[in-house]
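Participant: Chains as they are written, first to last, in my numbering: chain S, 7 to 376; chain E, 7 to 376; chain W, 7 to 342; chain D, 7 to 342.
There's no promise every hint is true.
Covered stretches of chain W (in silico footprint by chain D; criterion: 3 or more residues with CB under 8 angstroms from a CB of chain D, positions within the stretch not fixed) [said to hold, decoys possible]:
| no. | stretch |
| --- | --- |
| 1 | 92-104 |
| 2 | 111-123 |
| 3 | 144-155 |
It is worth saying that the hints were derived from the structure and are not from the lab. Remember, predicted model here, so these are calculated numbers, not experimental data. Just so you know, even glycine gets a beta-carbon here, dropped at the ideal spot from N, CA and C.
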Amino acid sequence: MSAHVVHDVLHGPAQVPVAGQAPQQYLRMDGTLNPACDLELAVTPQLARSLYREMVLARRLDQEAYHLQRQGELGLWLSCRGQEAAQVGSARALRESDWIFPAYREHAVALVRGVAPAELLAQWRGCCHGGWDPARHRMHIYSLVLGTQTLHATGYAMGVRADAAGEVVLTYVGDGATSQGDVSEALNWAAVTRSPVVFFCQNNQWAISTRVGTQTATPLHQRAAGFGLDTVYVDGNDVLAVHAATTMIAERVRAGGVPGFVEALTYRMAGHSTSDDPTRYRSSEETEYWERRDPLTRLRRFLDNNGWSDPAWLSELDGEAEQLAADVRAACLALPEPRLEDVFAATLVRESAALATERAAFTAYQDSFL
Amino acid sequence: MSAHVVHDVLHGPAQVPVAGQAPQQYLRMDGTLNPACDLELAVTPQLARSLYREMVLARRLDQEAYHLQRQGELGLWLSCRGQEAAQVGSARALRESDWIFPAYREHAVALVRGVAPAELLAQWRGCCHGGWDPARHRMHIYSLVLGTQTLHATGYAMGVRADAAGEVVLTYVGDGATSQGDVSEALNWAAVTRSPVVFFCQNNQWAISTRVGTQTATPLHQRAAGFGLDTVYVDGNDVLAVHAATTMIAERVRAGGVPGFVEALTYRMAGHSTSDDPTRYRSSEETEYWERRDPLTRLRRFLDNNGWSDPAWLSELDGEAEQLAADVRAACLALPEPRLEDVFAATLVRESAALATERAAFTAYQDSFL
Amino acid sequence: MTPGSAAAPTRQLSLGKALNAGLRQAMLDDPSVVLMGEDIGALGGVFRVTEGLLDEFGEQRVFNSPLAESAIVGTAIGLALRGYRPVCEIQFDGFVYPAFDQIVSQLAKMRARSGGRLTVPVTIRIPVGGGIGAVEHHSESNEAYFCHTAGLRVVACASPADAHTMIQEAVACDDPVIFYEPKRRYWDTADVVVGSPPADGLALDQARIARHGSDVTVIAWGPTVRTALDAATVAEQEGKSLEVIDLRSLSPLDLPTLTGSAARTGRAVVVQEAPTFTSLGSEIAASITEQCFDVLEAPVARVGGYNIPYPPARAEEQYLPDIDRVLDAVDRVLAH
Amino acid sequence: MTPGSAAAPTRQLSLGKALNAGLRQAMLDDPSVVLMGEDIGALGGVFRVTEGLLDEFGEQRVFNSPLAESAIVGTAIGLALRGYRPVCEIQFDGFVYPAFDQIVSQLAKMRARSGGRLTVPVTIRIPVGGGIGAVEHHSESNEAYFCHTAGLRVVACASPADAHTMIQEAVACDDPVIFYEPKRRYWDTADVVVGSPPADGLALDQARIARHGSDVTVIAWGPTVRTALDAATVAEQEGKSLEVIDLRSLSPLDLPTLTGSAARTGRAVVVQEAPTFTSLGSEIAASITEQCFDVLEAPVARVGGYNIPYPPARAEEQYLPDIDRVLDAVDRVLAH
Ligand SMILES: Cc1ncc(C[n+]2csc(CCOP(=O)(O)OP(=O)(O)O)c2C)c(N)n1
Ligand SMILES: Cc1ncc(C[n+]2csc(CCOP(=O)(O)OP(=O)(O)O)c2C)c(N)n1
Ligand SMILES: [Mg+2]
Ligand SMILES: [Mg+2]
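If we strip away everything but chain S, and leave its shape as in the complex, we get (with noise of 0.2 angstroms):
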């Protein structure tokens, strides 16, 4: 059975169980290096320059969203502060024809996949329900519904598979999530069907305020192992450590293995949402440890140690992010505003006359007004 031993560096008070083990790491908190990771990875200036790059830039769009949020512009926003390195690392790890179906919260991984900021942005703004085109992204749709998309990651992946397309599929989901039911029939299934699937969960230890402690006695990846899964544990504020261990379980599933599971512990460093006061249920000092514990501090710090950061790249960078801000800005409110029509449009394929006569009493309605 589980030992609920708590690793104190990694876990700090949110405790989660941990069955003696320690996630992999690759960076410690200072920027050096892990001796006693097991992981494997050729850390290039240029592979460690863009990841960091993608991570200022989620980091910036993030924050500018919460503000747009804050002046009325977005109806909601949920950040993904603080699970940069989690993301970015797993997304690039991944091939562009390999397919994502994320949860909600992975702005990062959307950037990487060249979504741009008013697509992004237009669902939380209330313009739209999915804002991209999945097919040019290689990216589905955001899903609301806690773990609802593992199955379809799944589906799609058997579909892959029956192609013998040689392409992985990818799915992010949450830790609370996992307690649904259909997580736990996706992990199954896919192990049963042994389709070419990967399962990111990204453990942030709280689901809006309940703690991962609530949502399971034993490490998620142990979990997934007992369906069958081949599964890997791993820092995920240490994006270098999540790339190689995305791209170990990537490769392995692409080369017929058995489905994968990557258990990034990290942290959620905002509230749940803009409308959440994490306040209610969890201790400044555990979210200023995990601040402490920062993605992005901790890979500058790698760069700045390897002569990495030159000022004039960071310099760049800087301006980068002030204009994805400006972008992003800018494109959320040049939004259009959405018509009731446009739903009528997408609701059936090949419009019902009964729904047509429905959509031109409601246009007669409104124009009753004009």
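Position chains E, W and D with the ligands relative to chain S; hints supplied.
Facilitator: For chains E, W and D with the ligands alone, kept in the frame of chain S given last:
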């Protein structure tokens, strides 16, 4: 990950995935003791004979019910033939005050719990949905929607824990049903709440026409361990091993341990139901293989080997079984026809005015034919 | 000669076999069609609707699934996103509920949620209704849940010929379709023209006047169509002329056909197995009344299951609408 | 002085706080009442309806659950079988579907399935409807699904006073109750008499005439009651007298109150947020017409959500029935 090592002696042609581990066995096929057995059990003649008696009675009831169905007196019958050891061995491991949540094939369990033949058959004759008073037998009615009962059992166990009542709740679940999200939710929820529940999985290797290998890529007990349950894998055709294993787990649970999971490897010797035609999907070779592993035969050999089966006792048992068969038949034919009024009456506790009106209209309409 | 060619053969088929032939045709016509569900492989499904298809098309296209309805529908959505055209079998009506979330929040809404970018052509086949003496959860009529769900098409076949055509149209339809098969009519047998349906097929949207009449319009679908037709035969002997409409499409409703008939007869009776409260029968009554208020001679009558859980098998005859109850309602609307 | 005693205090409470006080009272009155759901503990639920109750009653009675709706309802059934009286919170309307099977096949039918032997007094609280600018799945009106399910009681509160009383009556009721809380009215504030409801409480079965009138009966529930009342105020200025009925009980319907009013006015309009097709509005229209056909001057009109998935927040105003759409329907039935 799970190695699919098949233990030929135990598994036969259906090939259950097993990770290098054989189920615990107390009695070998020839009724001699298995020296490799880890289970503790004080086998007295009384215990062995009473287990045998209940298995024989269950077998006879099952056979009679099967005939009644073939003669058109039952609408359907789901045979427990071959699973008597798993059912009697587990049910007898509980205290009378412990509560049972069955699936729908646990006729031998019902017999152990004193459910009368009329109560047991009423549902299959089409006279009611649940034929007995759960409180009287501390056994819930059958659940036909697969896996749902595991959540009821878990909730009930939460109540037991809150009441500090010292009871154990045992729920039966089939190998097929484990694929349902509800069952995973129940395993997880039980572990998280540390409720006194034991999941007893009769892995009879088939779900209608679907092999257990389609339901899982790993042994089912391994999956349960992944959620943090206390598990044991046992030869389900060995009533002594089942009894010992279930007792061990149930008592650990009663003492405050984590919830338990017993996987009993057994075999559904008949078709799924009287509507099923198993020749469409499995070979007679496979069935014969398991006929040779009949749980009654094995215990009988053990009794014989020990000189615990004197002819007088055996013939008394025969008589008892024949009497039961006669009782089953008589009880079945004497079952009163159901009245729709009774369903009306059982729909709500406090009948609404609307329903009362509808019921009155129904009665008036019925009476108009008198 | 290949099936579906000009001179398609006519065969005497049961409704179940007509479905089987329809699925086979759909698989021949479109290699992206795959079947999935519990026991649909070697067994051919508990009603044998997929019999022989595993042998003919192989495991890649006929997938005997693990026992999890939410996963059946959820992975079917994923397969559809990949370009497949999955046909899911739900073993019995009462076992569709574990998949309810995937159907209602995902399948039905996927297109709208994606702003019209995604198409999920999934067909969910459900044997529906009572009358076969089954145990609990095996006799449910739950079309109301899906009719109330925007984004789904809900259809029910009632005859072997329609079964054969409609299943192919459902599979070919780019919208998700809940496809009801009237369980107790699986063995009804009639002539069926075997082959692909005409390309301009409209059955999925169009009701069928199964019998013309002038006094009362009787609206039925799935298993109750035959009940209504039988009632019409008896009524004729009593000098009452019933027009029987087989809905075929439950959502959307072919309202013009319904109101056209009701306007002609001035009286309508809806016959369903489902409990009447907040049911498709309620909708039909409300819709017809909305449009025909001034020409109706009587309120639309509803004959259906009572608002209680489905009874044990030996009481189901008292529960299910039969000829007597239909005629009773006909008399009521005529007497109004 | 203890709450619930003779001279119960009157307080100005929002609907959300009235519910909170009602739950507290129910827990004080009956130690078998336990609360369970996602984030209902320290957070007090996303709408703070359970605020303070964890502190007051402890973890044994206020259980912050894992994230699994099917398990919430499934284990609540088990707890109820053990003698507890669980009150489950579903965080948002759109998240009840994973629990659909447990609600429809187990909770609703348990009593009938056991031949009346088992009682499962589970209350399922669901914040319902739109109008708060939420993201998808957070604005659904799904009462039709549960109304169509025999064995459940379905209620919706519309005012703080009713919220306070009705939640207590729901918890005390031995039948399973789906309890809808009108999300966008959580902050509506009014005087509430705090304390246990009278023992002969009938709210769970009885509609309330929220405003008397003579020209048209307007039937609403939950969030649309205020819309209907506001419409009545405007209509009055235009010389039209609307009678507004707050259903309170959606299933069963208090039909005598509805038909009584409709018979008096001769005209009725139903106002709901849910899509109209196969909805409670359909049932109300059908039922009223059945009983009042000869005295109705016009067909019952339905104002509701369109038959499309709930739109993005910035289009919801176009979707939700508002005063204009109610008055438009009133004009239509008056013009008929
Ligand atoms: C089926 C379902 N139930 C409840 C919710 C409400 N809800 C939204 S997010 C959330 C917490 C999710 O936690 P987790 O999976 O850990 O993801 P995180 O928010 O931490 O990224 C909850 C309960 C939902 N979206 N879907
Ligand atoms: C939710 C649900 N889906 C499908 C069914 C139909 N069904 C009844 S029994 C059965 C097989 C169950 O297999 P298993 O759990 O192994 O139990 P066994 O019949 O072998 O005892 C199936 C598919 C059902 N009862 N419930
Ligand atoms: Mg989380
Ligand atoms: Mg089995």
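Participant: Does each hint fit the structure? Answer for all of them.
Facilitator: The hints, checked one at a time:
Figure legend: the stretch 92-104 of chain W, annotated as covered by chain D; annotation consistent (3 residues with Cβ-Cβ distances under 8 angstroms, at least 3 required). Note: the stretch 111-123 of chain W has 5 residues with beta-carbon separation from chain D under 8 angstroms; the three-residue rule is met and the coverage holds. For the stretch 144-155 of chain W, the stated coverage by chain D holds: 4 residues have a C-beta nearer than 8 angstroms to a C-beta of that chain, and at least 3 were required.
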